[in-house]
Amino acid sequence: MKNDYRRKLLTGGAAALGTAALAALAAPVAAADKDSAFPTRPVRIVVPFPPGGSTDITARLVAAQLSKQWGQPVTVENKPGAAANIGTEMVSRAEPDGYTMLLGTTALPISAATFAKLPYDPHKDLVPVMLVSTIANVLVVNPAAPAATVQDFLRYARDNPGKLNYASPGAATGQRLTFELLKQATGIDVVHVPYKGGAPAGQAVMGGEVESMIMNVVEATPQVKAGRLRALAVTTRERARDLPDVPTLHETVAPGIDTSVWQGVFLPGGTSDAVVGRIGAAWREALATPDIRSRLEDMGMKVVAGSPAAFKDFLDAEFTQWRDVARKANIKVE
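When the letters of the sequence shown are read in order and numbered with the working numbering, they come out as residues 18 to 351.
Derived from the structure by calculation, the hints contain no laboratory data. Cβ coordinates follow ideal geometry from the N, Cα and C atoms, glycine included. One thing to keep in mind: the hints can contain errors.
Derived DEER-like restraints, expressed as beta-carbon distance ranges [stated by the list, open to error]:
| no. | residue 1 | residue 2 | range |
| --- | --- | --- | --- |
| 1 | V208 | G294 | 44 to 50 Å |
| 2 | D262 | D290 | 31 to 37 Å |
| 3 | E94 | D315 | 34 to 40 Å |
The list that follows gives simulated cross-link-like pairs (lysine to aspartate or glutamate, DMTMM-like), each with its CA atoms no further than 20 Å apart [what the hints assert, rightly or not]:
| no. | residue 1 | residue 2 |
| --- | --- | --- |
| 4 | K329 | D315 |
| 5 | K141 | D275 |
| 6 | K180 | D169 |
| 7 | K141 | E302 |
| 8 | K345 | E226 |
| 9 | K141 | D114 |
| 10 | K200 | D315 |
| 11 | K345 | D330 |
| 12 | K134 | D341 |
| 13 | K200 | D176 |
| 14 | K345 | D275 |
| 15 | K319 | D330 |
| 16 | K319 | E226 |
| 17 | K85 | D138 |
| 18 | K329 | D275 |
| 19 | K85 | E302 |
| 20 | K329 | D206 |
| 21 | K141 | D262 |
| 22 | K213 | E351 |
| 23 | K242 | D138 |
| 24 | K319 | D290 |
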């Protein structure tokens, strides 16, 4: 009797264990099938800036194309604020299923370098998918400033330490850190004057309140061509297509400097490699569309559309560079 009971218990237990084992084996297969079917419902792209800027425009162009490719609605959701950290945090806390992605920018490593504490870990809570594009920055001055060239600007700054100043859109911005990088590379002393946004900072330079500023080429080019600003040097290693006669810092006064404003796609941490690959391939296909590519290039962007591995390497260098610049300049935002 006891032996019969024991036999039933053991065989029943074995059956239960077998069922559990089969379920455990089936779970990854089901997950893989689900990933391969992605997407099966609407997808959203979070832009951590207000509507109308270059990042928003890129997101909307690509979203429309992804909708066609996937046969699913792809919407753009603007979540601006806190130096792009509100939208970034939102994506970092989203389900890692591919249905919420972030179109991030240089603001990510700049925030990591300058904020004392962030509500997310940029290295663990986000997965890099693709470097979408880069845009050159350019050193501009008021036309009345005592500098016709970047060499003139440095010469005057060295002869008059602390007399020149530069505007920025705020304390924790790429424009500020890029100017600080220039200062560190050349040893000049130029005083920082922060403004509440890029538009008032640019107006301050054009109005003569401050002498200089780092500005992205997209915003600077119309003002340079209208004579309201003078472009001295671009920050990328190669010259900018829209300002071909303007030399680079690398070729003139600061060899090795190669910085830009960039846009990149991120997913929440924990997203599967399969979904990362599908989203990367879809973005690559969208960015290869002649209309989208030409629209972005007309805005001054260099389309990259690289791999996740290449983007990770790029990000590692960005985080290191801006961390070192911020530390040396003693920049920290509470």
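Evaluated hints:
The hinted window of 44 to 50 Å between V208 and G294 holds, with their beta carbons roughly 48 Å apart. A hinted range of 31 to 37 Å for the beta carbons of D262 and D290 is inconsistent with their spacing of about 45 Å. In this structure the hint that E94 and D315 lie 34 to 40 Å apart at CB is violated, the actual value being about 25 Å. Of the pairs offered as hints, the one joining K329 and D315 is violated, with about 27 Å between alpha carbons and a cut-off of 20 Å exceeded.
Taking the CA atoms of K141 and D275, the gap is about 27 Å. The hint is violated against a cut of 20 Å. This hinted pair checks out: K180 and D169 have alpha carbons roughly 14 Å apart, not beyond 20 Å. With a C-alpha separation of about 27 Å, the suggested pair K141 and E302 falls outside the 20 Å cut-off, and the hint is violated. The hinted pair formed by K345 and E226 fails the criterion: a straight-line CA distance of about 27 Å is larger than 20 Å.
Between K141 and D114, the direct Cα distance comes to roughly 16 Å. Compliance with the 20 Å bound is thereby established for this hinted pair. Proposed proximity of K200 and D315 is contradicted: the alpha carbons are some 31 Å apart, above 20 Å. Proposed proximity of K345 and D330 is contradicted: the alpha carbons are some 23 Å apart, above 20 Å. For a cut-off of 20 Å, the pair hint linking K134 to D341 stands: about 17 Å separates their Cα positions.
At most 20 Å may separate the alpha-carbon atoms for a hinted pair to count; K200 and D176 meet this at roughly 14 Å. A hinted pair counts as satisfied when its Cα atoms are at most 20 Å apart, and K345 with D275 qualifies at roughly 18 Å. Restraint check for K319 and D330: satisfied, since their Cα atoms lie roughly 18 Å apart, inside the 20 Å limit. The straight-line distance between the Cα atoms of K319 and E226 is roughly 32 Å, outside the 20 Å bound, and the hint therefore fails.
The suggested pairing of K85 with D138 is violated, with an alpha-carbon distance near 33 Å, which exceeds 20 Å. As the CA atoms of K329 and D275 are separated by approximately 17 Å, the hinted pair is consistent with the 20 Å bound. Between K85 and E302 the CA atoms are separated by roughly 11 Å; this keeps the pair inside 20 Å, and the hint holds. A threshold of 20 Å between alpha carbons decides the hint, and for K329 with D206 the separation of about 34 Å lies outside it, so the pair is violated.
In summary, the hint linking K141 to D262 is not supported, as the alpha carbons are separated by about 42 Å, beyond the 20 Å threshold. Distance hint between K213 and E351 is fulfilled; the C-alpha atoms sit about 17 Å from each other, no more than 20 Å. Restraint check for K242 and D138: the C-alpha separation of about 42 Å exceeds 20 Å, so the hint is violated. Between K319 and D290, the direct Cα distance comes to roughly 26 Å. Violation of the 20 Å bound is thereby established for this hinted pair.
Going through the hint list in order, the structure does not satisfy hints 2, 3, 4, 5, 7, 8, 10, 11, 16, 17, 20, 21, 23, 24.
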